[in-house]
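Position chain F relative to chain S; hints supplied.
Read top to bottom, the protein sequences are chains S and F.
So for the first sequence, UniProt numbering puts the first residue at 1; every next one is plus one.
So for the second sequence, UniProt numbering puts the first residue at 1; every next one is plus one.
Treat the hints with care, as some may be off.
[What the hints assert, rightly or not] Distance condition first, Cα-Cα at most 30 Å in a straight line; then the derived DSSO-like pairs of lysine-lysine:
no. : chain 1 : residue 1 : chain 2 : residue 2
1   : F       : K35       : F       : K8
2   : F       : K42       : S       : K22
3   : F       : K59       : S       : K79
4   : S       : K19       : S       : K79
5   : F       : K59       : S       : K19
6   : S       : K79       : S       : K22
7   : F       : K42       : F       : K8
8   : F       : K111      : F       : K8
9   : F       : K35       : F       : K59
10  : F       : K42       : F       : K111
11  : F       : K8        : F       : K59
12  : S       : K22       : F       : K35
13  : S       : K22       : F       : K59
14  : F       : K35       : S       : K19
Just so you know, the hints here were simulated from the structure itself, not pulled from any lab data.
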Amino acid sequence: MSAPTIEVRIPTILRPFTKGEKVVSVEATNLAELISALDANYTGLGERLLENGELRRFINIYINDEDVRFMGSLTASLKAGDSVTILPAVAGGC
Amino acid sequence: MTLRITSKHVEAILEQSRAEYPDECCGVILGPEGKDLAQILKPMINAAHSPTFYEFDSKDLLSLYRELDDNSQEIVVVYHSHTETEAYPSRTDISYASEPNAHYVLVSTRKEIAPENEFRSYRIIDGVVSEEDVEIVDSL
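Looking at chain S on its own, in the form it has when it is part of the complex (with noise of 0.2 Å):
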């Protein structure tokens, strides 16, 4: 069976490497795999995402309503007609 097409919201800061494109569609079963294919199509998106293997801190990532950090992260699983959102966070300090 084939990997779902999931459908990828991405932040304005990163448009630049999707060519503008708000929303973009890849196929993977869990979000490791959605980040991989993220980088194939659109070259160096991964790195914005990932650092030395984890989440970037400043990068927020769900699936549907739920921040990934609270369903296992880079294993959280993907199933047909789930949408992933890309934010980077909002934060800074003195």
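Only chain F this time, still in chain S's reference frame:
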């Protein structure tokens, strides 16, 4: 570049920064996409509850972006307070800044040095900070 902002919004942000002291306060002002109009003030919860750090709660962040999408709006201003330091973007602020189209507003609640209106605005693009003028108006 100049940030045009209503005196009502300036007062509300300064008031929020005093109310949430000693924690940093934060929030956004929303407006229609591509118009650079700071219309709707939306105070956010500082999920870090800290005097030295602020962060939007991850669920609140998702709801905010859903709302923006549904209403064809964008974040025009991202604001937060510094509690004891100058209203100037810190290294942390710069490394996290991820809205190239937004005005980053900083206010300071430091009492001993700050004039009442320490309210400043910046663009932060690819790690480069440029301060801009703030024009305070009665209405936009």
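| said: Just to be careful, I want the Cα atoms of K22/S and K59/F compared with a cutoff of 30 Å; is the pair within it? | reply: holds (20 Å)
| field | Restraint status (C-alpha distance of K22/S to K35/F at most 30 Å) | value | holds (19 Å)
| field | Holds or violated: K19/S to K79/S, with C-alpha atoms at most 30 Å apart | value | This hinted pair holds, its Cα atoms lying about 26 Å apart.
| Would the pair K59/F and K19/S pass a check requiring their Cα atoms to be no farther apart than 30 Å? | holds (28 Å)
| Are the Cα positions of K42/F and K22/S separated by 30 Å at most? | Within the cut-off at roughly 24 Å; holds.
| Holds or violated: are the alpha carbons of K35/F and K59/F at most 30 Å from each other? | holds (27 Å)
| request: Assess, step by step, whether the Cα of K42/F is no farther than 30 Å from the Cα of K8/F, and give holds or violated. | output: holds (13 Å)
| message | Between the alpha carbons of K8/F and K59/F, is the straight-line distance 30 Å or under? | response | holds (28 Å)
| field | Restraint status (C-alpha distance of K111/F to K8/F at most 30 Å) | value | holds (22 Å)
| query | Has the given pair, K79/S with K22/S, been kept, meaning a C-alpha gap of at most 30 Å? | reply | holds (21 Å)
| request: With a cut-off of 30 Å on the C-alpha distance, tell me whether K35/F and K8/F pass. | output: The given pair, whose Cα atoms are some 20 Å apart, holds under the 30 Å limit.
| Taken at face value, is the distance from the CA of K19/S to the CA of K35/F at most 30 Å? | holds (22 Å)
Hint compliance for this structure: every hint is met.
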